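Protein chains in written order, with the working numbering: chain A, 1 to 596; chain B, 1 to 596.
Source of the hints: derived by calculation from the structure; they are not laboratory data. Hints should not be assumed to be uniformly reliable.
If chains are identical, the list can't say which one is meant, so a pair holds when it fits in one copy or spans any two.
[Said to hold, decoys possible] Below, simulated EDC-like cross-link-like pairs (lysine to aspartate or glutamate); rule was C-alpha separation at most 16 Å, straight line:
1. 159 x 173
2. 395 x 421
3. 219 x 342
4. 251 x 390
5. 208 x 222
6. 165 x 540
Keep in mind the model is a prediction, meaning the values are calculated, not measured.
2 protein chains.
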Amino acid sequence: MAAVSLLRRALPSLPLLEWGQRYDRETLMGDGVAALIVTIMLIPQSLAYALLAGLPPEVGLYASVAPLLLYAVFGSSRVLAVGPVAVVSLMTAATIGEHAAAGTAAYWQVAITLAFLSGAMLLAMGLLRLGFIANFLSHPVISGFITASGLLIAASQLKTLMGVKAEGHNFVDLLAALARQVPNTHWLTLTVGVLATAFLFWVRKGLKPLLMGWGVGPKVADVITKAGPVAAIAVTTSLAWGLGWQAQGMKIVGAIPQGLPPFTLPTWDAALWRELAVPALLISVVGFVESVSVGQTLAAKRRQRIEPDQELVALGASNLGAAFTGGFPVTGGFARSVVNFDAGAQTPAAGVFTAIGILLATLLLTPALYYLPQATLAATIIVAVLSLVDFGILKRTWVYSKPDFVAVAATLLATLALGVETGLLVGVGVSLALYLWRTSRPHIATVGLVPGTEHFRNVLRHAVRVSPALLSLRVDESLYFANARSLEDRVNDAAAAQPALRHVVLQCSAINDIDASALESLEAIEHRLRDAGIALHLSEVKGPVMDRLKATDFLRHLNGQVFLTHFQAVASLTPDILDGAAATTPTNLARETSHA
Amino acid sequence: MAAVSLLRRALPSLPLLEWGQRYDRETLMGDGVAALIVTIMLIPQSLAYALLAGLPPEVGLYASVAPLLLYAVFGSSRVLAVGPVAVVSLMTAATIGEHAAAGTAAYWQVAITLAFLSGAMLLAMGLLRLGFIANFLSHPVISGFITASGLLIAASQLKTLMGVKAEGHNFVDLLAALARQVPNTHWLTLTVGVLATAFLFWVRKGLKPLLMGWGVGPKVADVITKAGPVAAIAVTTSLAWGLGWQAQGMKIVGAIPQGLPPFTLPTWDAALWRELAVPALLISVVGFVESVSVGQTLAAKRRQRIEPDQELVALGASNLGAAFTGGFPVTGGFARSVVNFDAGAQTPAAGVFTAIGILLATLLLTPALYYLPQATLAATIIVAVLSLVDFGILKRTWVYSKPDFVAVAATLLATLALGVETGLLVGVGVSLALYLWRTSRPHIATVGLVPGTEHFRNVLRHAVRVSPALLSLRVDESLYFANARSLEDRVNDAAAAQPALRHVVLQCSAINDIDASALESLEAIEHRLRDAGIALHLSEVKGPVMDRLKATDFLRHLNGQVFLTHFQAVASLTPDILDGAAATTPTNLARETSHA
Chain A
1 MAAVSLLRRA LPSLPLLEWG QRYDRETLMG DGVAALIVTI MLIPQSLAYA
51 LLAGLPPEVG LYASVAPLLL YAVFGSSRVL AVGPVAVVSL MTAATIGEHA
101 AAGTAAYWQV AITLAFLSGA MLLAMGLLRL GFIANFLSHP VISGFITASG
151 LLIAASQLKT LMGVKAEGHN FVDLLAALAR QVPNTHWLTL TVGVLATAFL
201 FWVRKGLKPL LMGWGVGPKV ADVITKAGPV AAIAVTTSLA WGLGWQAQGM
251 KIVGAIPQGL PPFTLPTWDA ALWRELAVPA LLISVVGFVE SVSVGQTLAA
301 KRRQRIEPDQ ELVALGASNL GAAFTGGFPV TGGFARSVVN FDAGAQTPAA
351 GVFTAIGILL ATLLLTPALY YLPQATLAAT IIVAVLSLVD FGILKRTWVY
401 SKPDFVAVAA TLLATLALGV ETGLLVGVGV SLALYLWRTS RPHIATVGLV
451 PGTEHFRNVL RHAVRVSPAL LSLRVDESLY FANARSLEDR VNDAAAAQPA
501 LRHVVLQCSA INDIDASALE SLEAIEHRLR DAGIALHLSE VKGPVMDRLK
551 ATDFLRHLNG QVFLTHFQAV ASLTPDILDG AAATTPTNLA RETSHA
Chain B
1 MAAVSLLRRA LPSLPLLEWG QRYDRETLMG DGVAALIVTI MLIPQSLAYA
51 LLAGLPPEVG LYASVAPLLL YAVFGSSRVL AVGPVAVVSL MTAATIGEHA
101 AAGTAAYWQV AITLAFLSGA MLLAMGLLRL GFIANFLSHP VISGFITASG
151 LLIAASQLKT LMGVKAEGHN FVDLLAALAR QVPNTHWLTL TVGVLATAFL
201 FWVRKGLKPL LMGWGVGPKV ADVITKAGPV AAIAVTTSLA WGLGWQAQGM
251 KIVGAIPQGL PPFTLPTWDA ALWRELAVPA LLISVVGFVE SVSVGQTLAA
301 KRRQRIEPDQ ELVALGASNL GAAFTGGFPV TGGFARSVVN FDAGAQTPAA
351 GVFTAIGILL ATLLLTPALY YLPQATLAAT IIVAVLSLVD FGILKRTWVY
401 SKPDFVAVAA TLLATLALGV ETGLLVGVGV SLALYLWRTS RPHIATVGLV
451 PGTEHFRNVL RHAVRVSPAL LSLRVDESLY FANARSLEDR VNDAAAAQPA
501 LRHVVLQCSA INDIDASALE SLEAIEHRLR DAGIALHLSE VKGPVMDRLK
551 ATDFLRHLNG QVFLTHFQAV ASLTPDILDG AAATTPTNLA RETSHA
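Let the sequences and hints guide you as you build the complete structure.
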């Protein structure tokens, strides 16, 4: 019964039903052209990311068929292209490396199980509408994590570029291992790899302007640019075949099985599932965040929208599809989705055509890839991931917000030093702790009247009128358990230091919520002030906050009043402040205790 | 060097130097009377809480001497009385029970080590000014924890009252074990225990009104009331001696060593320290919170103040003192501090006199306690802790705030079912998660112009003017990573659903902070809106927020404007709204997507 109701939640909104009814010839053209370009781009990427994940290259092709088809049915983005992506492949490699040796059948089986668990989690999160969990990955944490991941991936590909073997538990270990391997460098491999990398960088940056300078239209120039990796593969594969590079010790891709993706099943092993649970969750959340941010950006350009919870269902189905067809964890990729969008894809049918293209490649093209140098694929990965590396985020957050800088730096360093899984968890923990720490020290300003107006300003920033008998405090944060006591401290200190004090007025214009702890703190403040012969008043309480306070004893027992405006409060409690009899110099008390 | 600077932080503010200089005869009288009353009250409590902690009764007396003296030197409260308290004794028992069998020398040694670690942590937290950590224990969590602790303590004392042995891992286990022991009840013990409990309840509730009805002055009536437990002890001890209850199988306190508190040292064992670290931290924080809230309440009554960080230092010194004189973890107790205050204590010298009183009892009185029935002490504990039990908090939080209710209920149930340590951690985790969850779904209201005014109100609550070309959103929460995306969603949805939209204006009056994630979200919103031909504007941005935004590219690239007031924004962007040409009915869009 529960399953039926969960399914009903997912099915009525099937995006397929919406766009499928309005499919026409023009849409078909757009989708077809886009699919062709994405297919050309995806073939080398799929092979490369499979190798990055420590899997045979054909697994990358398998992971690009069923997921694309399933996303076309369930996805709410019109243009998202789902398949293996760099960061998720790295996380997959880091996870499986703890359970099996790369290249073995056991390793592939763990990858399939990981895709299954990740798919099941995404699907469950979607059906239970838990998409908001992804919100707890802050932009600084994601930036730090992606940058560190890009560096880790690039470093891991250097060994393939050098034609050596090197392993490391973290970034420094890995670089040290590579440095030790320099004497064993296979120089032919390195030469081919470096040339391929340079060529791909040039294609990315310099080719399009050059072509357009030659009078080529921007669309055609775009297509040619996207085909750059295919050209690199064609050229190096031909040279490897013609010049017999394999015999000279260069590592090539070798035999790739020809045929349909196999039907596979995850391992049903509770102990393995328990160990994979946290990595699968992290892979799910990272994949979801990457996918949704791409989808949202592209949808907004055409004033369309995507449904985050529907996206969870679609990505869940895609990963389950990958698990049952010999694939590994997938998500919506940035580069390929942008290419799909730019090439004019109108509907998810473009994804279906792309899947058919990859399937044809799996059936027909694999023999042609026998002589493909692995260094060429490494070059493809390096060029792709270095665009992920963004140290600028360190500078930008340093300028804008120190806590965010700390979150970026902690995530980046932890990911490089401790690996992707721990790094991500450290980042989330640090960013939440910093947020809680900040809200636990709210800005509380002692305010005074700006002479001649009804406005109140911080006594530390402005020449304002204050009265020794009245303390005006403006609290710039919602009150909750972690900061309620600091308001208590502030009021207690003021009451102890200002002997003539008779009234304390809290200006509540920025208080969006008062939780039960803060309410008790207000009660404690009120009691203590009353014991000392001081009345507590409130001003400018928001409607929803007032509604809830009215249900409590606090307002009934309050020995002060609630004023609509702060000016009314001050004018009614200390009228002498209006005629200039009161001091206009800020009190020392305020200067001592305010944060501002 | 660092140690010296840390010490300097603690020493210049030594409260002793302040009150010591102004000590006179009148103060001495007040302190002396208060000390006498508190001593009478503390002797049975100290014995009882030591038994509750699973320690020999004399340890309770030891823990009431050095801590009182050290608190008098370092403490910032004039009236706080430090010593063994119920909840900390329960936590101590729960912690040590995992490491040694109650009643053994090893058990006592772990208690000493626990007091040492707890003292060291409190001292370190004080010197590093980490008192704010205690703010993360919310009132609901404390209430739920204290209520559950009271129930656990009362249940644990029932076995002493029944004269049987019973152990249980949690509340239900314990009650079940007691139920199985009913046939073994020692009926004489139970009769004495129940009568003592009833007597103590009557003393607490009914004696004072009765005495005052007889014309006894309220102060004297108070003293007599406080002596109730001493009377119960005197009577039952005499009867046990006279009627030979020990021979009839009743458990009595037995021989208590006479003499000064011993000099003891903690165990220097890294493995044990690691295991005790978390319990010691929890005991420190709970003790600190209890102590500070008592101290603050009493200080405020006389317009005095306490320094939370100085209190950490003082409680740290007290616990270290307990560790070196054969004691166990201590903190400022509620009942004894209130008694001290009410009896007229003026300075911490009252604590010094109390310590001398307890010391005299340790030297002279212990032989008189040989025949004291343990059931009488159990009755003392039960009566004391049942006043901690407050189920009303469940109802109050239910009415005021459902998340707070969940926090109370989770803490209460987890403490009863899983024990004090896990219960407290569950409570903190749940309350933080609920806070984060709430702030991650901010209230965002679509607002419209109240006709004839410059005010804007929620379109769902008021008949206001809106324009199909302009969307006014008021965000009632600071923007940070966990809620930034929900603003993105809200704006995206609105842009997709309102085809005539040309302007989005965010009213920022309640936004106290915008972190780096939220800034990126604003940039993403701005880009997406721009792609769709819509301008993003801000209004009523707070000074500090504006200061930080000015340092970024966001304002430079903004394709809309920043308005001082929301009315200026609307009047300048859609002037037709002012002359009544625009619709006054809320749009369906707003009705669909607003939370309110």
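Taking the earlier hints as the rules, which of them does this structure contradict? Hints 2, 4 and 6 contradicted; others consistent.
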